[in-house]
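Novice: Got chain A; can you put chain Y on it based on the hints?
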Amino acid sequence: MVDETLLDIVVTTEDREECIALIDQLLSLIYTNDSSLLSFLHSDVPEIFSKFFLNYLQTTVDSQSKERILRKLRDEVSHLEKISITVAFRPSRNSLEKMVSQVRKQYGSNMVMEVHYNPEIIAGAEIVYKGIYRDMTSRKKLDEVLNGMKGKAL
Amino acid sequence: MKDFQSYLTETGEVGFVEGSRSCIVMASGLPGVTSQEIVMFENSEIGQVMTLKKDSIEILLLTKKSIRVGSKIVRTKEYMSITMSPELLGKTLNSLGYLVSLGKAPGAFSAKKPEEARRIEIHPPGMSERKQVEKQLETGVALVDLVLPIGKGQRELIIGDRKTGKTDFLNQTMISQARSGVVCIYAVIGQKRTDTLLLDQFLTEKGIRGNTIIVSSTSADAPGLIYLTPYVAMTIAEYFRDQGKDVLLILDDLTTHARAYREISLLAKRLPGRGSYPGDIFYSHARLIERAGAFTKASITCLPVAESTLGDLSGYIQTNLMSMTDGHIFFDIELYNQGNRPAVNAFLSVTRVGHQTQSKLERELSNSISSFLVIYDRMKQFMHFGTEASASAQNILVQGTRLDMFFNQGSDVIFDISFSIFIIGCIWAGKVNDMKPFDFKKKISSLYSIYSTNSDYKKKIVSLVSVDSFKELIAIIKRDGDVYFTHI
Numbered sequence: 001m002v003d004e005t006l007l008d009i010v011v012t013t014e015d016r017e018e019c020i021a022l023i024d025q026l027l028s029l030i031y032t033n034d035s036s037l038l039s040f041l042h043s044d045v046p047e048i049f050s051k052f053f054l055n056y057l058q059t060t061v062d063s064q065s066k067e068r069i070l071r072k073l074r075d076e077v078s079h080l081e082k083i084s085i086t087v088a089f090r091p092s093r094n095s096l097e098k099m100v101s102q103v104r105k106q107y108g109s110n111m112v113m114e115v116h117y118n119p120e121i122i123a124g125a126e127i128v129y130k131g132i133y134r135d136m137t138s139r140k141k142l143d144e145v146l147n148g149m150k151g152k153a154l
Numbered sequence: 001m002k003d004f005q006s007y008l009t010e011t012g013e014v015g016f017v018e019g020s021r022s023c024i025v026m027a028s029g030l031p032g033v034t035s036q037e038i039v040m041f042e043n044s045e046i047g048q049v050m051t052l053k054k055d056s057i058e059i060l061l062l063t064k065k066s067i068r069v070g071s072k073i074v075r076t077k078e079y080m081s082i083t084m085s086p087e088l089l090g091k092t093l094n095s096l097g098y099l100v101s102l103g104k105a106p107g108a109f110s111a112k113k114p115e116e117a118r119r120i121e122i123h124p125p126g127m128s129e130r131k132q133v134e135k136q137l138e139t140g141v142a143l144v145d146l147v148l149p150i151g152k153g154q155r156e157l158i159i160g161d162r163k164t165g166k167t168d169f170l171n172q173t174m175i176s177q178a179r180s181g182v183v184c185i186y187a188v189i190g191q192k193r194t195d196t197l198l199l200d201q202f203l204t205e206k207g208i209r210g211n212t213i214i215v216s217s218t219s220a221d222a223p224g225l226i227y228l229t230p231y232v233a234m235t236i237a238e239y240f241r242d243q244g245k246d247v248l249l250i251l252d253d254l255t256t257h258a259r260a261y262r263e264i265s266l267l268a269k270r271l272p273g274r275g276s277y278p279g280d281i282f283y284s285h286a287r288l289i290e291r292a293g294a295f296t297k298a299s300i301t302c303l304p305v306a307e308s309t310l311g312d313l314s315g316y317i318q319t320n321l322m323s324m325t326d327g328h329i330f331f332d333i334e335l336y337n338q339g340n341r342p343a344v345n346a347f348l349s350v351t352r353v354g355h356q357t358q359s360k361l362e363r364e365l366s367n368s369i370s371s372f373l374v375i376y377d378r379m380k381q382f383m384h385f386g387t388e389a390s391a392s393a394q395n396i397l398v399q400g401t402r403l404d405m406f407f408n409q410g411s412d413v414i415f416d417i418s419f420s421i422f423i424i425g426c427i428w429a430g431k432v433n434d435m436k437p438f439d440f441k442k443k444i445s446s447l448y449s450i451y452s453t454n455s456d457y458k459k460k461i462v463s464l465v466s467v468d469s470f471k472e473l474i475a476i477i478k479r480d481g482d483v484y485f486t487h488i
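Quick mapping for you: the protein sequence lines, in order, are chains A and Y.
The first sequence runs contiguously to residue 154 in my numbering.
The second sequence runs contiguously to residue 488 in my numbering.
A hint or two may mislead.
No more than 20 Å apart at the CA atoms, straight line, and that leaves these computed lysine to aspartate or glutamate pairs for DMTMM-like [claimed, not checked]:
no., chain 1, residue 1, chain 2, residue 2
1, A, 82, A, 8
2, A, 130, Y, 37
3, A, 82, A, 144
4, Y, 54, A, 81
5, A, 141, Y, 10
6, Y, 72, Y, 42
7, Y, 2, A, 144
8, Y, 72, A, 114
9, A, 130, Y, 10
10, A, 140, Y, 37
11, A, 130, Y, 42
12, A, 140, Y, 42
13, Y, 2, A, 8
To give an idea of the interface, some chain Y residues facing chain A are shown, with a C-beta separation under 10 Å as derived from the structure [said to hold, decoys possible]:
no., residue
14, 8
15, 22
16, 26
Far from chain Y, some chain A residues (derived; all Cβ distances over 12 Å) [unchecked claim]:
no., residue
17, 61
18, 74
19, 146
Hints in this document: simulated from the structure, not taken from any laboratory.
Using N, Cα and C, we set each Cβ at its ideal position, and we do this for glycine too.
So here's chain A without its partners, still in its complex pose (with noise of 0.2 Å):
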């Protein structure tokens, strides 16, 4: 089970992918003194990974265990389930939450979105999940409604 803090970083495939380049940098870093770490968690990270991996090495001392760690960590978050959406809009921070939020509330907790943008399905979503495909857009509505009128008037 991943951690439900690091959840909340990890939203997008994109996160997951510099959540596993840091976590690779960390394990590179890891039997270096703890002030390279550290200097490296405070100005080369990002605010929100930085909070998380401060705290999250803090509870252990000694190296081994940290790597152990870290190890668990990379292996969890590789293993996050992906789910693509491709949406008509580029979704804001807030909005990839509100999505996430609402696809791990049907699909579990362990899920990742890869999000596409497309202006041309005008509104709604494409979503494939374990190679289903369901075309939940504007434009196949659009498309059938359009079809159907031209069928009555031929």
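Specialist: Same frame as chain A, but now just chain Y:
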């Protein structure tokens, strides 16, 4: 076929390309996809599902174009099938059923009356739909028709080294059969494009193009297309069989087919077996050849071709094919180099069901020739020591030489069985012993020309060879042979 978006809306399933190795694509998604199903990529290229794994699938690409990682894939809920119509006769198709013509890109085949679409992978028919091989398939090659007869519905392997006259023999057989109304299907498997064009040209020149179909894949095609070629040809053969027409199907050649399948299997990382071929190479050929045979509706005579190396008949694919066919005709490179056309080695060739299609006279004649060829061969070896031959030995040598000359008929001559029996009768009756070799050859040529053009003469010969026993035939030829042979 429909477009990508239509399939996506229709099936509601999508997959993504995770990686590719040449003609094999690994993909995720498509939870409901089935084995052998056709899938479509985002760029409208198609592939066939090869392997289903727990979380992924392997797809055999049916195109040479590369597929990008991350591309979407959709199911089509369709399987490889070919549109069937009598209008296929005279056409050249590729493995996807598209028409192939010189200088043009393959175009979809659309018949005025498309009768049905048939799946190319089906189970072979069971025993209840089959019957015994009863009729002979005339090849027009005297040695084969008399000594190694092939029955309609027989599966006879044509095996030999490169350039030993296998294709010439197959062409002679096709001419002979197409002229008698049999539908001939020639599967050109992974050969040069020029080979297909030359075959097309040859069949047109001989006036039999209207009764033949070429299914071709070239060495430049994707291995998936090469692999499917014989299955497509067999499916077309089954269609014409179900129309009540006898079919001659030539698969040229299955060693190339096996190599294409080996390439696919190795790329799919399947465990290699003997000669690096996959474990199911036998199954892939057996399930194909098993679809031919004599059926209650009509027959499919299958002549698969296998290429040997340095006359070695013990290769893996070659022995596999031998074990699943009803005999084999071996084309010997040594005989070819000695000038024999066809270069058939009668001692190393086998026909398992062909003899049951022969009449009593033909069987007697076949036995006599077979045993004579053994004696003649021994005698020739004996004479190498420079021994002075007795009269009877000399007689055997003269008779054997004439027989050799007759069987060495060339690659562009076709003899009717009746005519061949008559000539053999003349040789056995001693009518040709005094003739010089050149005169004998000339005589055969002139007699066959008369036989082909003079219907009265043909009728006479046919009635002459309708006797019951070989002895009787020899007696008649000894008595009245001059009427048919010398004074004509």
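Novice: Each hint: holds or not?
Specialist: Status of each hint after checking the structure:
no., hint, result
1, 82(A) - 8(A), "holds (15 Å)"
2, 130(A) - 37(Y), "holds (19 Å)"
3, 82(A) - 144(A), "violated (29 Å)"
4, 54(Y) - 81(A), "holds (16 Å)"
5, 141(A) - 10(Y), "holds (15 Å)"
6, 72(Y) - 42(Y), "holds (5 Å)"
7, 2(Y) - 144(A), "holds (18 Å)"
8, 72(Y) - 114(A), "holds (14 Å)"
9, 130(A) - 10(Y), "holds (17 Å)"
10, 140(A) - 37(Y), "violated (27 Å)"
11, 130(A) - 42(Y), "holds (18 Å)"
12, 140(A) - 42(Y), "holds (19 Å)"
13, 2(Y) - 8(A), "violated (43 Å)"
14, 8, "holds (6 Å)"
15, 22, "violated (24 Å)"
16, 26, "violated (14 Å)"
17, 61, "holds (39 Å)"
18, 74, "holds (20 Å)"
19, 146, "holds (15 Å)"
Checked against the numbered hints given earlier, this structure breaks hints 3, 10, 13, 15 and 16; the rest are met.
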